[in-house]
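One-letter residues, chain by chain:
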Amino acid sequence: GEDVEQSLFLSVREGDSSVINCTYTDSSSTYLYWYKQEPGAGLQLLTYIFSNMDMKQDQRLTVLLNKKDKHLSLRIADTQTGDSAIYFCAEIFSSNTGKLIFGQGTTLQVKP
Amino acid sequence: DTAVSQTPKYLVTQMGNDKSIKCEQNLGHDTMYWYKQDSKKFLKIMFSYNNKELIINETVPNRFSPKSPDKAHLNLHINSLELGDSAVYFCASSRTSGRAIPEQFFGPGTRLTVL
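Those sequence lines, one after another, are chains A and B.
Count the first sequence with the working numbering and you get residues 1 to 112, in order.
Count the second sequence with the working numbering and you get residues 1 to 115, in order.
No wet-lab data here; the hints were simulated from the structure.
None of these values were measured; they are calculated from a predicted model.
Among the clues, some could well be false.
[To be verified] Label pairs and their in silico Cβ distance ranges: (1) Asp16(A) - Glu53(B): 33 to 41 Å; (2) Lys52(B) - Ser27(A): 39 to 47 Å; (3) Thr30(A) - Gly28(B): 42 to 50 Å; (4) Ala41(A) - Val12(B): 16 to 24 Å; (5) Phe9(A) - Pro61(B): 26 to 34 Å; (6) Leu27(B) - Pro112(A): 21 to 29 Å.
We put the CB at the ideal spot given by N, CA and C, even for glycine.
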C-alpha cells in the first residue's frame, strides 16, 4: 500500500531536541527521506537512510529506522529558530520510476 | 546556477481558462516530475517522465497534460481550469539510472490561484 503518516504539529523551545516521527506501509522501500520546506519555498532534501541501516547521523540530525515497526524518526539536536519549517517524511515506492510517497508533513515551531 | 527552475512563480487566472507552467533542470537528470501541493500542504505526485517518456501517470483529470520536449524540460498544460486546481505545483528531477541514490531536487513551486 501507499501510505505514509506523520503527526501534523510539533512545538519546541530553542535549544531543545526535536523528534519528528513517521510511519510507512511499504516494507520494500529501499530509501526513506526527510525533506524540509520553508515558507514559500520548495522542498529541500535534509537526509536519507538506506533500508538496511538502523541509524544515520549527520551533524545535528539523527535518523532512526525501525524496519520491523515501519517507523522512521528525525531528531534535530539543539533546535534553532531557523529550523522552523514543515518536515516531510517520504518513502520511495519504486526505484525504477523514482516515485516518492510523502507524509502529510509535520510543522515544527521553534519558540525562542 | 545549477537548479530546477519553474515559471511563472505565481499564476492567477479565471475559471475555464487554459494555462501552462514550465519547468527546466540543468542538473543532467534523466527523470522529471510534477507534484501538486494542496492547501493542507499534502504533496502528491501527478506525472513523471524519464528521457521524454511518460512513466508515472497518477489519477489526474485529462485536463492536465504534461509535455516533455527534451530531457531537461517538463511542462504542464492545464485546460478548462477549475477552482479545485488552485494549489502549488512543484517540478522535481532526479537521476534514476545507474547506481545513483534516487534523490529528487525540487523547484521553487508555482502558486496557481483560480478565481
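Right, here's what the structure says about each hint:
Distance hint check for Asp16(A) and Glu53(B): the Cβ-Cβ separation is about 48 Å, which falls outside the suggested range of 33 to 41 Å. Between Lys52(B) and Ser27(A) the Cβ separation comes to about 33 Å, which falls outside the hinted range of 39 to 47 Å. Between Thr30(A) and Gly28(B), the C-beta spacing of about 22 Å breaks the proposed range 42 to 50 Å. Look at Ala41(A) against Val12(B): about 20 Å separates their beta carbons, and that is inside 16 to 24 Å.
Restraint check, Phe9(A) to Pro61(B): a C-beta distance of roughly 32 Å satisfies the suggested window 26 to 34 Å. In this structure, Leu27(B) and Pro112(A) break the distance hint of 21 to 29 Å, their C-beta atoms being roughly 37 Å apart.
Of the numbered hints given earlier, the model fails hints 1, 2, 3, 6; all others are met.
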